[in-house]
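*Asks:* Sequence:
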Amino acid sequence: MKEKLIKLIDVKSIVTFLLTGTFAVLAIRGDINEREFMTVFTVVISFYFGTEIQRCVSESRK
Numbered sequence: 000m001k002e003k004l005i006k007l008i009d010v011k012s013i014v015t016f017l018l019t020g021t022f023a024v025l026a027i028r029g030d031i032n033e034r035e036f037m038t039v040f041t042v043v044i045s046f047y048f049g050t051e052i053q054r055c056v057s058e059s060r061k
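For the sequence shown, position 51 (counting from the first letter as 1) is numbered 50 according to numbering that gives the first Met the number 0, and the numbering increases by one without interruption.
I should point out that these hints are in silico values taken from the structure, not numbers from a laboratory.
None of the values given here were measured: they were computed from a predicted structure.
You may find that some hints are simply not true.
[Unchecked claim] Quick list of the computed label-pair ranges, beta carbon to beta carbon:
(1) Glu51 - Gly20: 13 to 23 Å
(2) Val24 - Gly49: 17 to 27 Å
(3) Glu33 - Ile5: 32 to 42 Å
We put the CB at the ideal spot given by N, CA and C, even for glycine.
Assemble the whole structure, with the sequences as input and the hints as a guide.
*Replies:* Okay, here's the thing in structure tokens:
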């Protein structure tokens, strides 16, 4: 459990969570529309999981 928490506290994860939170607040306030939110959210989440998958593949090859 402690290892999973430590893995969450890396720069990439923090940036992902901050961007998601920021754009969620902007969408709730009505500063951006749904389409803009979904575009940004999709890019951020795709980047996060894409790099996580790449990291897992790299570690499994060791």
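*Asks:* All hints are to be evaluated individually against the structure, with a verdict given for each.
*Replies:* Each hint, compared with the structure:
no.: 1; hint: Glu51 - Gly20: 13 to 23 Å; in the structure: holds (19 Å)
no.: 2; hint: Val24 - Gly49: 17 to 27 Å; in the structure: holds (25 Å)
no.: 3; hint: Glu33 - Ile5: 32 to 42 Å; in the structure: holds (35 Å)
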